[in-house]
Amino acid sequence: MINRIKLSKILNLTTIAAAVALIIVIFSYSRDAMVTQAVLNSMIRQSTPLILGALCGLMCERSGIINIGIEGQMLLSAFTGFIISATTGNLVLAVISSILTGAVLGLLLAFMSINLKLDQIIGGTVINIFALGITGYFYSQTLVAKTKLSPIPLEPLTQIPLIGPVLFNNPPITYTAILLVFVIQYMLFYTKWGLRIRAVGEHPRAADTLGVNVNKTRYISTIVGGAIAGLAGGFLTLEAVGSFERAMTNGRGFVALAVMIFGKWTPLGAWGASLLFGLASAVQTQLQFGGRLLIPHQFIGMLPYVLTIIVLAGFVGRARPPAAEGKPYEKE
Amino acid sequence: MEKPPVLEVRHVTKRFPGVLANDDVSFSLNEGEIHVILGENGAGKTTLLNIIYGLYKPDQGEIFIDGQPIEIEGPHDAIRQGIGMVHQHFMLVEPFTVAENIILGEEITKGLSLDIQRAAVEIMKISEEYGLNVDPYAVVEDLPVGVRQRVEIVKALFRKARILILDEPTAVLTPQEANELFVIMRQLTKRGESIIFITHKLKEVMEVADRITVMRRGKVVGSTTPQQATINDLANMMVGREVILSVNKAQAEPKDIILEVRNLTVLGDQKNEVVKNVSFQLRGGEILGIAGVQGNGQTELVEVITGLREAQSGELLIKGEPVPFGNPRNLIEHGMAHIPEDRQKHGLVLPYSVADNLILCTYYKQPFAKGITRNDPAILANATIQIERFDVRTPSALVPVSNLSGGNQQKVIVAREFSRPVKVLIANQPTRGLDVGSIEYIHQQIVNMRDEGAAVLVVSAELDEIMSLADRIAVMYHGEIVSIQQADEVTREELGLLMAGSKKQPVPA
Numbered sequence: 039m040i041n042r043i044k045l046s047k048i049l050n051l052t053t054i055a056a057a058v059a060l061i062i063v064i065f066s067y068s069r070d071a072m073v074t075q076a077v078l079n080s081m082i083r084q085s086t087p088l089i090l091g092a093l094c095g096l097m098c099e100r101s102g103i104i105n106i107g108i109e110g111q112m113l114l115s116a117f118t119g120f121i122i123s124a125t126t127g128n129l130v131l132a133v134i135s136s137i138l139t140g141a142v143l144g145l146l147l148a149f150m151s152i153n154l155k156l157d158q159i160i161g162g163t164v165i166n167i168f169a170l171g172i173t174g175y176f177y178s179q180t181l182v183a184k185t186k187l188s189p190i191p192l193e194p195l196t197q198i199p200l201i202g203p204v205l206f207n208n209p210p211i212t213y214t215a216i217l218l219v220f221v222i223q224y225m226l227f228y229t230k231w232g233l234r235i236r237a238v239g240e241h242p243r244a245a246d247t248l249g250v251n252v253n254k255t256r257y258i259s260t261i262v263g264g265a266i267a268g269l270a271g272g273f274l275t276l277e278a279v280g281s282f283e284r285a286m287t288n289g290r291g292f293v294a295l296a297v298m299i300f301g302k303w304t305p306l307g308a309w310g311a312s313l314l315f316g317l318a319s320a321v322q323t324q325l326q327f328g329g330r331l332l333i334p335h336q337f338i339g340m341l342p343y344v345l346t347i348i349v350l351a352g353f354v355g356r357a358r359p360p361a362a363e364g365k366p367y368e369k370e
Numbered sequence: 293m294e295k296p297p298v299l300e301v302r303h304v305t306k307r308f309p310g311v312l313a314n315d316d317v318s319f320s321l322n323e324g325e326i327h328v329i330l331g332e333n334g335a336g337k338t339t340l341l342n343i344i345y346g347l348y349k350p351d352q353g354e355i356f357i358d359g360q361p362i363e364i365e366g367p368h369d370a371i372r373q374g375i376g377m378v379h380q381h382f383m384l385v386e387p388f389t390v391a392e393n394i395i396l397g398e399e400i401t402k403g404l405s406l407d408i409q410r411a412a413v414e415i416m417k418i419s420e421e422y423g424l425n426v427d428p429y430a431v432v433e434d435l436p437v438g439v440r441q442r443v444e445i446v447k448a449l450f451r452k453a454r455i456l457i458l459d460e461p462t463a464v465l466t467p468q469e470a471n472e473l474f475v476i477m478r479q480l481t482k483r484g485e486s487i488i489f490i491t492h493k494l495k496e497v498m499e500v501a502d503r504i505t506v507m508r509r510g511k512v513v514g515s516t517t518p519q520q521a522t523i524n525d526l527a528n529m530m531v532g533r534e535v536i537l538s539v540n541k542a543q544a545e546p547k548d549i550i551l552e553v554r555n556l557t558v559l560g561d562q563k564n565e566v567v568k569n570v571s572f573q574l575r576g577g578e579i580l581g582i583a584g585v586q587g588n589g590q591t592e593l594v595e596v597i598t599g600l601r602e603a604q605s606g607e608l609l610i611k612g613e614p615v616p617f618g619n620p621r622n623l624i625e626h627g628m629a630h631i632p633e634d635r636q637k638h639g640l641v642l643p644y645s646v647a648d649n650l651i652l653c654t655y656y657k658q659p660f661a662k663g664i665t666r667n668d669p670a671i672l673a674n675a676t677i678q679i680e681r682f683d684v685r686t687p688s689a690l691v692p693v694s695n696l697s698g699g700n701q702q703k704v705i706v707a708r709e710f711s712r713p714v715k716v717l718i719a720n721q722p723t724r725g726l727d728v729g730s731i732e733y734i735h736q737q738i739v740n741m742r743d744e745g746a747a748v749l750v751v752s753a754e755l756d757e758i759m760s761l762a763d764r765i766a767v768m769y770h771g772e773i774v775s776i777q778q779a780d781e782v783t784r785e786e787l788g789l790l791m792a793g794s795k796k797q798p799v800p801a
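Line by line, the protein sequences are chains A and B.
My numbering numbers the first residue of the first sequence as 39 and each following residue consecutively.
My numbering numbers the first residue of the second sequence as 293 and each following residue consecutively.
Keep in mind the hints are simulated off the structure, nothing from the lab.
Errors might be hidden in some of the hints.
Subject to a maximum C-alpha distance of 25 Å in a straight line, what follows is the list of computed DSS-like cross-link-like pairs (lysine-lysine) [claimed, not checked]:
| id | chain 1 | residue 1 | chain 2 | residue 2 |
| --- | --- | --- | --- | --- |
| 1 | A | LYS254 | B | LYS349 |
| 2 | B | LYS547 | B | LYS715 |
| 3 | B | LYS295 | B | LYS482 |
| 4 | B | LYS452 | B | LYS349 |
| 5 | A | LYS155 | B | LYS349 |
| 6 | B | LYS452 | B | LYS402 |
| 7 | B | LYS493 | B | LYS568 |
| 8 | B | LYS563 | A | LYS302 |
| 9 | A | LYS254 | A | LYS186 |
| 10 | B | LYS568 | B | LYS511 |
| 11 | B | LYS637 | A | LYS369 |
| 12 | A | LYS302 | A | LYS186 |
| 13 | A | LYS155 | A | LYS184 |
| 14 | B | LYS541 | A | LYS230 |
| 15 | A | LYS302 | A | LYS369 |
| 16 | B | LYS349 | B | LYS568 |
| 17 | B | LYS541 | B | LYS715 |
| 18 | B | LYS295 | B | LYS452 |
| 19 | A | LYS230 | B | LYS637 |
| 20 | A | LYS369 | A | LYS155 |
| 21 | A | LYS155 | B | LYS637 |
| 22 | A | LYS365 | B | LYS637 |
| 23 | B | LYS402 | B | LYS417 |
| 24 | B | LYS715 | B | LYS657 |
| 25 | B | LYS493 | B | LYS417 |
| 26 | B | LYS452 | A | LYS230 |
| 27 | A | LYS254 | A | LYS369 |
| 28 | A | LYS369 | B | LYS657 |
| 29 | B | LYS482 | B | LYS493 |
| 30 | A | LYS254 | A | LYS365 |
All values reported here derive from a predicted model rather than from experimental measurement.
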């Protein structure tokens with residue numbers, strides 16, 4: 039009961055926040071269309087790796103596996119995608135290799151958590167350190183990729199003022215991310231696979247006694263989650279930047295966790311949260327380059343991370359994680 | 293020609309490392325009967341169930357359904373063969389709705405989507421047919437225990453179970469809820485369901501069983517019916533020796549007030565009031581029993597009395613002197629002994645040896661402490677004495693207490709708590725999960741403690757335990773003490789009603 043009252047309160051808060059945001063956007067659009075457009079475009083760009091990372095996190099956690107290795111999964115996938123792109127010039131192959139890298143790291147996490155029954159926080163940390171080390175070691179500045187994924191305008195939707203260019207003129211991974219939000223939302227809450235995944239994350243023994251294979255479900259969820267994190271990595275090198283830099287994920291994997299929690303382990307909620315974080319980054323960049331500000335730019339640069347701390351400190355109200363997360367399932 | 297039994301288990305043997313859990317067990321279930329499997333903890337009941345339900349594979353033996361031999365590889369096979377199980381700890385996903393819980397694994401779908409509406413219709417149909425009264429759209433975490441159990445039954449029926457296995461279903465119910473369950477069980481058997489009912493409560497057996505199979509140490513020691521056997525016969529078969537079911541105790545001789553609780557209000561973990569303005573007095577030489585369904589504030593009340601939790605308001609007095617909240621050592625020095633509700637979590641440090649667990653309250657004192665170091669010879673000598681005195685079955689004083697059986701773990705706690713001069717004894721669920729033999733022993737120790745002049749508070753969800761131990765009985769409901777009466781002036785039925793909250797009585801001051 040108490041939970042539901044809180045939830046409805048938060049929902050109201052979200053609606054109010056969304057309404058306020060909308061008013062501000064319309065107002066600023068009327069004042070300066072160019073800048074508003076740029077900020078919103080940047081928001082979408084910044085939010086894409088976050089929502090993909092959050093979708094990875096919630097696929098894993100809904101099935102009961104805590105994944106704090108999203109950062110590492112993204113980083114290594116960004117790297118392999120870049121290597122394939124630079125050596126073959128084939129972007130499709132590059133994206134596939136990013137996805138596969140993420141999936142393999144998901145498999146590794148599942149293996150450590152399920153078969154080795156390793157503490158899942160340690161398992162995730164192993165992935166993070168491994169990815170940081172190996173990409174740093176093999177990284178060479180002489181490699182250059184010639185192309186990156188470019189926007190595909192969805193005519194005539196791009197003609198809609200403000201929304202058109204923001205939503206309907208994006209490169210493929212961004213479209214995929216938005217599509218995935220709805221696909222996973224539907225999958226988790228309206229299909230039997232989702233019911234099973236959530237059951238396994240809440241009460242694995244109950245699922246087991248009904249003939250649901252707990253460990254298989256967790257393996258699949260964690261691997262699919264990893265693949266999505268791989269796509270996020272691919273986004274960074276193949277769509278956003280076009281090249282690789284050391285530790286270029288820059289904490290996005292962890293911000294994605296905050297996004298997941300902020301979104302209360304639901305894809306739609308996480309999408310809203312990722313847009314908020316994306317907006318924070320976009321505004322931050324705009325303010326820094328606008329040059330009209332007296333505050334040192336470092337402070338503005340902190341914005342997304344301060345937001346993360348506030349979210350994780352439980353400022354947005356306690357969310358309830360899946361009950362069985364982090365615990366290996368053992369038959370009696 | 294006679295119909296073959298619905299389910300038959302022949303010569304099943306299951307061995308675990310070091311234990312023969314099932315030794316040549318045979319058992320049969322006829323259509324439409326309630327067959328009770330009776331046995332102490334560790335008698336092999338649960339192993340047998342798990343074999344039938346496909347969670348374990350037997351080393352030897354066969355299972356027949358309708359006379360046909362079958363292989364059960366896992367729960368999935370068992371479900372397909374029409375076997376449904378209601379587990380002792382409910383297998384329900386709390387944030388899910390009833391419908392979601394019921395269809396999990398056997399989902400009704402429309403295209404890719406779940407078809408909750410059609411599921412709900414089907415659930416309502418089953419629910420009405422058997423009088424189970426279950427709302428498919430309710431969220432499980434909002435439901436009381438009795439309803440959750442019915443959801444479990446619907447879950448099995450939804451899977452077309454013809455054989456229902458109920459594993460200690462009454463452990464969590466009030467006497468009234470248990471009676472309702474028995475009515476439902478009769479209803480089910482009338483419609484052709486066959487039921488295996490696991491329990492160690494003898495009264496229930498006499499009430500519901502058509503046939504009884506008694507197990508002890510992995511073997512079937514006998515089969516009987518309620519008409520042929522008395523409660524005492526069953527107890528003797530179960531334990532393998534004569535047991536005294538009622539506690540031997542003389543009339544209480546209450547002396548001075550030792551413990552007093554005044555207007556105690558306590559907040560629970562969710563910051564809501566779980567104990568509301570509770571007051572009572574406890575005299576030396578008497579046992580006050582607190583009855584109530586679990587989760588009505590007993591746990592928090594005991595935690596405050598034993599110094600494990602702070603109270604919101606109110607007073608705790610020992611011999612008329614107020615004592616501060618949240619200071620267990622102070623209470624121990626005042627002569628308080630505590631048998632906690634969860635022996636593994638609050639009573640023992642499981643990886644520690646028996647010897648170390650025996651000095652957890654006194655390690656800082658002579659002779660166990662020597663300056664800042666331990667005095668191992670004294671600790672070991674103490675352990676040897678206590679193990680002997682309280683008949684703790686352990687290979688040695690140095691094995692981790694986690695290796696001991698539940699009954700022996702409880703004996704270690706009793707040994708530790710009773711070996712100090714005790715003025716007040718607080719025993720919360722002192723015999724939970726113990727077998728008849730250990731219960732008998734612990735009960736006798738508690739009565740002895742009373743006869744030596746200690747004030748004793750016993751909290752138990754088992755009404756039988758309260759009825760047989762207590763001199764006065766208080767009932768807690770929703771955080772309040774709704775009645776305190778002399779034990780010989782109150783009936784079981786009356787207490788049951790009070791526990792269910794349907795009757796409130798003025799509490800005598």
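Comparing the hints with the structure gives:
no.: 1; hint: A:LYS254 <-> B:LYS349; result: holds (21 Å)
no.: 2; hint: B:LYS547 <-> B:LYS715; result: holds (12 Å)
no.: 3; hint: B:LYS295 <-> B:LYS482; result: holds (17 Å)
no.: 4; hint: B:LYS452 <-> B:LYS349; result: holds (23 Å)
no.: 5; hint: A:LYS155 <-> B:LYS349; result: holds (24 Å)
no.: 6; hint: B:LYS452 <-> B:LYS402; result: holds (21 Å)
no.: 7; hint: B:LYS493 <-> B:LYS568; result: violated (32 Å)
no.: 8; hint: B:LYS563 <-> A:LYS302; result: holds (23 Å)
no.: 9; hint: A:LYS254 <-> A:LYS186; result: violated (36 Å)
no.: 10; hint: B:LYS568 <-> B:LYS511; result: violated (49 Å)
no.: 11; hint: B:LYS637 <-> A:LYS369; result: holds (21 Å)
no.: 12; hint: A:LYS302 <-> A:LYS186; result: violated (34 Å)
no.: 13; hint: A:LYS155 <-> A:LYS184; result: violated (43 Å)
no.: 14; hint: B:LYS541 <-> A:LYS230; result: violated (59 Å)
no.: 15; hint: A:LYS302 <-> A:LYS369; result: violated (29 Å)
no.: 16; hint: B:LYS349 <-> B:LYS568; result: violated (50 Å)
no.: 17; hint: B:LYS541 <-> B:LYS715; result: holds (19 Å)
no.: 18; hint: B:LYS295 <-> B:LYS452; result: holds (20 Å)
no.: 19; hint: A:LYS230 <-> B:LYS637; result: violated (37 Å)
no.: 20; hint: A:LYS369 <-> A:LYS155; result: holds (13 Å)
no.: 21; hint: A:LYS155 <-> B:LYS637; result: holds (23 Å)
no.: 22; hint: A:LYS365 <-> B:LYS637; result: holds (19 Å)
no.: 23; hint: B:LYS402 <-> B:LYS417; result: holds (20 Å)
no.: 24; hint: B:LYS715 <-> B:LYS657; result: holds (19 Å)
no.: 25; hint: B:LYS493 <-> B:LYS417; result: violated (33 Å)
no.: 26; hint: B:LYS452 <-> A:LYS230; result: holds (20 Å)
no.: 27; hint: A:LYS254 <-> A:LYS369; result: holds (14 Å)
no.: 28; hint: A:LYS369 <-> B:LYS657; result: violated (43 Å)
no.: 29; hint: B:LYS482 <-> B:LYS493; result: holds (24 Å)
no.: 30; hint: A:LYS254 <-> A:LYS365; result: holds (15 Å)
Hints 7, 9, 10, 12, 13, 14, 15, 16, 19, 25, 28 from the list above are not met by this structure, while the remaining hints are.
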